[in-house]
Structures are given as C-alpha cells and as structure tokens.
Amino acid sequence: RCNKMISMKTLPKQPLLPPQNTALRLGATGFVVGPLVDSLHNQCLLKYDVATITLPSSLSSSVDPLLASSWVVPPLLAFAYIVLGYILPRIIEFLPIPIEDRLDEDDFNENNEGRNTQQLRNKALLAVSSTAAIIKLSEVLQTHATFQLGAIVLNMDAGMKLQLMALADACQWVILDRTPAALIAATVTAFGGPLSELPFVSAGFWEYIPQAADYTPLAMIQPGGAVEGLLSSAFGENYRDLTLSSITGPCYFAVTLDAIALARYFYSMEEEK
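Counting the sequence shown from 1 gives a position; my numbering is that position plus 3.
Hints are computed from structural coordinates only; laboratory data are not their basis. Misleading hints may appear alongside valid ones.
[What the hints assert, rightly or not] Here are the simulated distance ranges between beta carbons:
id, residue 1, residue 2, range
1, 159, 24, 40 to 46 angstroms
2, 236, 190, 40 to 46 angstroms
3, 82, 155, 40 to 46 angstroms
4, 97, 149, 44 to 50 angstroms
5, 237, 154, 47 to 53 angstroms
6, 97, 202, 38 to 44 angstroms
7, 156, 206, 39 to 45 angstroms
[To be verified] Keeping only pairs whose Cα atoms sit at most 20 angstroms apart, straight-line, the calculated DMTMM-like set for lysine to aspartate or glutamate is:
id, residue 1, residue 2
8, 50, 217
9, 126, 217
10, 50, 200
11, 139, 160
12, 50, 67
Every residue gets a Cβ at the ideal spot worked out from N, C-alpha and C, and that includes glycine.
Kindly generate the complete structure, drawing on both the sequences and the hints.
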C-alpha cells in the first residue's frame, strides 16, 4: 500500500454539507435511535432537570425506568449525527494529512461506485449495535467498584474504566472502519463532546450525579484575565465547579463511528438514484 498526501486538489468534488435526504435520514436516526442508545447508561451518570421523559418499568416501581431522558436530547442528537457523521469527516478530509490509499477512504466520493449498499447497511447496523454495547459497558463499569477474574480482582477506578473503554473503542474502529478520517473525527469528539455539554450543565438542563462526576475541565483556569471573564459571562461565577463524567468521552467516540457508518450508508443510497 502506498501513502499519499491529501490536498485540496486531490479531494473529491463533493459538498461539505450532506445531500438533503442524507441529512434527513441522519437527523431522524439521531432523533429516534440516539436517545434510546443514550438511555442505556444515562441513569447511572446524570439526572435530567428540564422537559424530562420517563418510561417506567412494568415490573416494579422500585426498578429503574426503562427510559429516562429529556425532550432536549432528541433534537441535539439529530444535529449531532449530521455533524459527526458527515460534516466533521468531510472537514478532516480537507486537511493535508497522510492517509493510506485504500478503498475505505473513498466512502463519500465518486470512487465509491463499486461499494455495495447492502454491505454499507450491514456495517451501519453493526456500528449502531456495537455502540450500544460500548455504552452499556460504560454503565456496567460505572456501577461496579470491582471485577473478579479468577484470583485476580480489578479495581474499577477512573483510570481502569477509561482504559477498558478505550480498548473497546479501538476494537470497534479496527473491526468496522480503519480509516484515519473516522479515527481523527472520533478522537476529536471524544475530547470535545463532553465539553460541549458544559452550557447545558451550566444552564441546569441536566447534572451529573456525585458518583459519576469526576471531571472538572474548567477547574484549571487561573483567576484574572480575559479567559476568566469570558467563562464567567458564559457559565457564571462558579464555572470552575461544573462537573462532567470522564467515562462519557469514549462513548462519544463510539457514537461518532456509528454516525459515520450511517452517513456512508445513507450517502450510498443517494448514489444509487
């Protein structure tokens, strides 16, 4: 395999924004499927305080609800799937980064004619299923302090949880994708995704419960200066106390990969017309 450097001249002449039908399908999937997948772990991480949605369990009132979310989440995930699945990978493809010259890199361009839509559909379904499994893994890790494997006892501290989640993410990418653009997009989102929640946490839309709130990204900001003034204006004087959960980063990674797989499938449907 030979390597090449992508430049503006070598990029396929495709729009940065997705075709209308691709965007609608991605948005609809994010709106409907996104909250269902998110509900696999959100009850052990956070509590919604605005426009809550609760679907109680039919087994017992003492059992956790089948679904606990907020009406704020579906439109946010609809927008996120469009950005993460199509727009962000396209932006990354415009960067002058070395990539392998392989068919998988051409999922969004005119060299995709030989791709089988059924194969892309199967990959998309596997991506969504594996993301659901990874998010469920985060719930299992979050609710267990230790795991015993024979004579070995693993303490589930934050570092161990992140290592196991990162391993699951790496397996998902290797098995289903293996493209640098998707890896970069998912990694960027793993760091930036949790930070994007800060305005909603600050505004009181949801809050992370004490057992999961282990990440204060703004605590390191030094007093004084324009940055502190900007953050105080945006998030209030107590912005340093805004807490997130570190385990959500790998979950954002997985969600990005399944959004990209869905976008490739939906885009292939456009190509068939």
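So, going through the hints one by one against the coordinates:
Checked against the hint of 40 to 46 angstroms, the C-beta distance between residue 159 and residue 24 comes to roughly 44 angstroms, which is consistent with it. Under the hint 40 to 46 angstroms, the C-beta atoms of residue 236 and residue 190, about 30 angstroms apart, miss the expected range. Under the hint 40 to 46 angstroms, the C-beta atoms of residue 82 and residue 155, about 44 angstroms apart, fit the expected range. Between residue 97 and residue 149 the beta carbon distance is about 46 angstroms. The supplied range of 44 to 50 angstroms therefore holds.
The hint said 47 to 53 angstroms for the Cβ distance between residue 237 and residue 154, and at roughly 51 angstroms that hint holds. A hinted range of 38 to 44 angstroms for the beta carbons of residue 97 and residue 202 is inconsistent with their spacing of about 27 angstroms. Separated by about 41 angstroms at the C-beta atoms, residue 156 and residue 206 satisfy the suggested range of 39 to 45 angstroms. For a cut-off of 20 angstroms, the pair hint linking residue 50 to residue 217 stands: about 15 angstroms separates their Cα positions.
Restraint check for residue 126 and residue 217: the C-alpha separation of about 34 angstroms exceeds 20 angstroms, so the hint is violated. Proximity of residue 50 to residue 200 is assessed by CA-CA distance (about 13 angstroms); at most 20 angstroms being required, the pair is judged to hold. Restraint check: the Cα-Cα separation between residue 139 and residue 160 comes to about 17 angstroms, which is no more than 20 angstroms; the hinted pair holds. Between residue 50 and residue 67, the direct Cα distance comes to roughly 13 angstroms. Compliance with the 20 angstroms bound is thereby established for this hinted pair.
Against the hints set out earlier in the document, violations occur for numbers 2, 6 and 9.
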